[in-house]
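> Each chain, letter by letter, is given below.
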Amino acid sequence: MLELRGVSKSFGDKPVLKEVDLSLPEGSVLGLVGKNGAGKSTLLKCALGLQFPERGDIRILGEPASKLSAAGKERLGYVPQKIDLYPWMKIRQIAAYTGAFYPRWNRSLVQHLLESWELNPQERVGLLSVGQTQKLAIILALGHEPDLLVLDEPAASLDPIARRQFLETLLDMVGERTVLLSTHITGDLERVADRVAVLKDGKIVYSNELDLLKDSVKRMHVQASAPLPNGSFHVPGMLHAKVTGHEAVVSVQDFTNDLPDRIAQQWSASVTVQNLNLEDIFLELHHE
Amino acid sequence: MSDYLRIASAYCNKVTVAVWCFLLICLLAICTSEEFARNSGGVLGGVLSRKSYMAMFAYFNACLLGVLLRGHIAHPWATLVPHYRRKHLLVAASIAGILLALPMFLMGFLGTSDVAPSSVAVIFLTCLAAGMWTLHQPLSGFLAIPFLAFVAMPASSFPALANFLEGANPVVSVVLAWISLFALGVLAWRLLTLSEGKLEYAMARLWGDLFHGRTQSSGEQSKLFHEYVAALPADQRATWKDFDTWKSSFNNLKELDGLSGCSERTLWQRMQLWRLGTTLAPTSISLGRLMLTTPLFVLPFVYLPAWMGAALPARDTVVIFSVQVMMNPFHIWLFWFMRRSRLGYESLRPRTRQEFVQELGLTLLWDLFQCWVGGVVFVAIAGAIWAPELLHWQNLLLFSFCTAAGQLAVFAMGIWPIRQGQGAGVLCTLCAFLGVALWMVSTMNGSMGLVVPVSIASLLAGVSAVVIAIACGRWCRADLD
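In order, the protein sequence lines correspond to chains A and B.
For the first sequence, the numbering used here gives the first residue as 1, with consecutive numbering after it.
For the second sequence, the numbering used here gives the first residue as 1001, with consecutive numbering after it.
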């Protein structure tokens, strides 16, 4: 569905993406996470052919992103981070206008979503709140039932109820469509995504199944009989460690089942392993 | 000191420097031309005179300086600098003195000047005050009217004006200077006490954001208005409750309601579809509205001099109409500039990038073409009423050819920049329009003969065609948001 190979992009002297490799298999939901300014939006825009990388190759829906055909775009839905719709139109009019471009426009789906997301078709688009505008943009992106849906921070401005509704709608679509979404709300990602990619300083530092990420990044509590060395305490795949006397809290990536035993043996210690949620993993991966 | 330099560099950006250079070149050209310096009669003589270009140089730059000054003061970033309001005011005053007043005085040493130094000072102060105030509040826009009257008045037909320009009327000069200084003082005081609750603050943010391209939504103005109404006391709010800023009898919303799904469309139909995403009103309606209101603004300039005893050559009336009408497409450009922030989103509609660029470019060109045709017809009607002797096939052909080439040049210049703020794009295009308008004034004045305007028009058309082709290629490879 989407394949990025060695993609680099910079704005002026500032490199934003550095040799990014990423692939998105059909039918999967990939969550792209990263700090502000990590390059998530730029990566999505490059993937859609909106922006052109200096180096690398991008293929989307089997075509080069820079020369995406009209038929390819029919299979694509996109919700940008900054949404600027047509302020003078009413909601029903913007739906009709958008539908006029797409042969597969599903009016009843749009109608149903407008009702369930409590958007009044008679309301003027320019007077909608940020959250309402975001809801509308999501509905317009779903209207033609795209095969690939690209969402840039789709739930950032939604209230908790709308966010839950959005996630439910997205879950209904999983299995039929492929979704690529960037978000800061890692809790949402855990509900819907089966794959995750972590973008750090313009590079993909992890890209695989979400469960594998959870299996590979762990936090361990080490309780030794003798004081642990503060500067030289090290375990394989260590991301970050905090050593206080006989105790250490260490987070690792590439966790293996035998690692706690090896640490216990090396430091004459007892080791307990703690599973992390995606937010904790995100923080550990970005720990400076 | 570094704060002052940083603030000054924020004011002297590429766009403001380009506008300043354009106006300075116009001023320089008119000051070195002895023919224009003679200040011949009629409105044309009024416009093509040294005092008018001085006024335009000061007024337009002051409008821009005012937008920047207010935009900076009202932006949260500015508050990071201690005593930021005072510093911004000092920098703006220095820019006005060095970059506006100084060149105006230096022009006095070129050619044969008919404007005394004391009058230069008064023109500078009055235009600075009027320009700085013009966009401060919605109602202060009326300050453009006395400015335009001053520009259009020929000194040869108004002895009082000639006296003033020669510096022979010190009382008027002193009064005007004091009024201007007072107006500038009041403006400074209002900026020093500007707070978020005031409409002036909202206006400052709006214009500042428009200039810097920070406004993403073209609905910001209406949203701003609705927020302003929401903050009013209950009794005043009730008056505005049902006011819909987009409500209009003549709009294309019925066409939107009539859209029934996607079907195979011809290029023409696709252009009509794209057009619906530009603005509320169809081009023909906004053009018609403009033509109906044009006489309201133009006729006072036509009849006022005659009423005051000044002779107005019939040719001048037609030229005034022609300039005004040929500026028509400018209002279409404004809507297209607002659309720029949506282009990335819209480019993902089921068209290839090349088809998208071509179809949207043709849609814009069609809008401009309608305005041009409307303008030519309108000028022909004005000619038939006021100067039938001008309705000669050679004049008509010259007018049509030159204005078409001018519009094509503006189109090329308008689509060339890819990443600019709305305000910056608008200013660049406005300069192009002013250039075309001034050229048209000279052409219609007959001072350039026939060969020169035709040669210029041919060259313009040829260069424009090349620029358009390159611009299309640039847009096909451009990064869109």
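Since the hints were derived computationally from the structure, they do not count as laboratory data.
None of the values given here were measured: they were computed from a predicted structure.
Keep in mind that a hint or two might mislead.
Stated by the list, open to error - Here chain A is said to cover these stretches of chain B; the calculated rule only asks that three of the stretch's residues, wherever they fall, bring their Cβ under 8 Å from a Cβ of chain A:
id: 1; stretch: 1252-1259
id: 2; stretch: 1274-1283
id: 3; stretch: 1338-1346
id: 4; stretch: 1471-1480
Said to hold, decoys possible - Restraint ranges, calculated between C-beta atoms of paired labels, are given here:
id: 5; chain 1: B; residue 1: V1466; chain 2: A; residue 2: S10; range: 51 to 61 Å
id: 6; chain 1: A; residue 1: K14; chain 2: B; residue 2: L1334; range: 48 to 58 Å
id: 7; chain 1: B; residue 1: R1006; chain 2: A; residue 2: K200; range: 48 to 58 Å
id: 8; chain 1: A; residue 1: R55; chain 2: B; residue 2: L1334; range: 45 to 55 Å
id: 9; chain 1: B; residue 1: T1193; chain 2: A; residue 2: P103; range: 31 to 41 Å
id: 10; chain 1: B; residue 1: L1005; chain 2: A; residue 2: K200; range: 28 to 38 Å
Backbone N, C-alpha and C fix where the C-beta goes; we use that ideal spot for every residue, glycine too.
> State for each hint whether it applies.
Hints and how they fare:
1. 1252-1259: holds (count 4)
2. 1274-1283: holds (count 4)
3. 1338-1346: It holds: at least three residues are needed, and the stretch 1338-1346 of chain B offers 4 whose Cβ sits within less than 8 Å of chain A.
4. 1471-1480: Per the Cβ count (3), the hint holds.
5. V1466/B with S10/A: 51 to 61 Å: violated, 30 Å
6. K14/A with L1334/B: 48 to 58 Å: Once the Cβ atoms are compared, 32 Å apart, the range 48 to 58 Å for L1334/B and K14/A is violated.
7. R1006/B with K200/A: 48 to 58 Å: violated, 33 Å
8. R55/A with L1334/B: 45 to 55 Å: For L1334/B against R55/A, whose Cβ atoms are near 39 Å apart, the range 45 to 55 Å is violated.
9. T1193/B with P103/A: 31 to 41 Å: violated, 58 Å
10. L1005/B with K200/A: 28 to 38 Å: holds, 37 Å
Comparing the model with each numbered hint stated earlier shows that hints 5, 6, 7, 8, 9 do not hold.
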